[in-house]
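**Q** Each chain is listed here by its residues.
Protein chains: 2
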Amino acid sequence: MDNRANILHCALQLFSEKGYDAVGVQEVAEWSGITKPTLYHYFGSKLGLLKALLESYQADFNAKIQTASQYHGDLPISLETLARAYFQFAQENPAYYRMQLALYFAPPDSDGAVVTASLSRAQYQCVEEMFAAASKDHGNMRGRQALYAATFIGVLNTCIGLWLNHALTLEDDLLRRVVRQFQYGIYS
Amino acid sequence: MDNRANILHCALQLFSEKGYDAVGVQEVAEWSGITKPTLYHYFGSKLGLLKALLESYQADFNAKIQTASQYHGDLPISLETLARAYFQFAQENPAYYRMQLALYFAPPDSDGAVVTASLSRAQYQCVEEMFAAASKDHGNMRGRQALYAATFIGVLNTCIGLWLNHALTLEDDLLRRVVRQFQYGIYS
DNA sequence: CAAAAACTATACCGAACGGTATACTTTTGG
DNA sequence: CCAAAAGTATACCGTTCGGTATAGTTTTTG
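Protein sequences appear in the order of chains A and B. Residues in the first sequence are numbered from 1 upward in steps of one, following the working numbering. Residues in the second sequence are numbered from 189 upward in steps of one, following the working numbering.
I should point out that these hints are in silico values taken from the structure, not numbers from a laboratory. There's no promise every hint is true.
What the hints assert, rightly or not - Think about it this way: if two alpha-carbon atoms lie no more than 27 Å apart in a straight line, the pair counts; the simulated BS3-like pairs of lysine-lysine are:
1) B:224 / B:239
2) B:206 / A:36
3) A:51 / B:206
Given the structure is predicted, the values throughout are model-derived calculations rather than measurements.
Please build the complete structure, drawing on both the sequences and the hints.
**A** Given below as structure tokens:
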């Protein structure tokens, strides 16, 4: 068993359930079945552990969003593809999504928020570019790509947040409804 | 100067900027110009301090949302009134709103999330009841009050979150646009 | 005016914090 | 086969954590 991967896995579980600040290095080491110097050998510091964790997942996530946010001339299809990518990633990595969501809304001076900021910005930009591309076909959207990107991601995150707290299920039915509601709102 | 109120004020600033877990009791005491036993005299524990802080603000906030979420037969007006109440409270209490937002998305086993849960549920319920009342006049909405409440609050929180990070301004223009977009999405 | 209640500070508790110096074992490469 | 590099553990560092015992000072109240 790979120690490094195992530490990352245990850290993700703990961070996502209790929060980065509330989890001690000692605790991560114990859950991983190793000792602190081993953890420090691989990650250098507690913050280094968090960075490694974020990078290992976010690279994959951002790549998927990048692919899904390509605009091919049909906005409804693009929105649905994008929403599906978000829902699918969240369902495949619920613990990570929970942690990422908490870090995104974490206080600005916290360690977590600082590290997360740049990673989530890249993703946000992909979506904004999709709306910018679509606005060529939908004149009345012009100049509002940023707001659309933010609110669309916001709605998706709202749904995923509810799903993580078992307040709803991420069915295909919900996805289509949410996308349709958003899309009709734009056309107004 | 009232010590109790002063401690609450300083705690709010620190919690909202650095996060509940990352702030020590000692730190709050120093900023407040008092010592730890004084703080413990008033609040009993660190968690007691957080509870007192939440209750002192949330009572006011929930009352305002309760008032603003009354449905008087006109959904567009209700939505706008409600959105205005959210924006106004956030603008009047930016530090508190930042903290409350962070706590809402905090990991489920963290102290903050447990304390926040019940408070935010009351508010959520007000909004859901508004949509339920409105669905009598809008048949096609029936059965989706919960989803509408969640996504509407989600959009508002998205906007407020962006405003807190200086990514946009909460102008009346934005408010009307967001409300209109949401409302047209419903009618679809 | 005295006694009880409320308030505040000094000094301290054990535990946990993030992090490391040192040494020992295992693996790797010439 | 040996040496260098990588990996791991024991034991410890100083600091800060949340919380408190005790005692002194105000303020309120009978």
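**Q** Run every hint past the structure and note whether it holds.
**A** Verification of the hints:
1. B:224 / B:239: It holds: about 17 Å lies between the C-alpha atoms, which stays within 27 Å.
2. B:206 / A:36: holds, 26 Å
3. A:51 / B:206: holds, 18 Å
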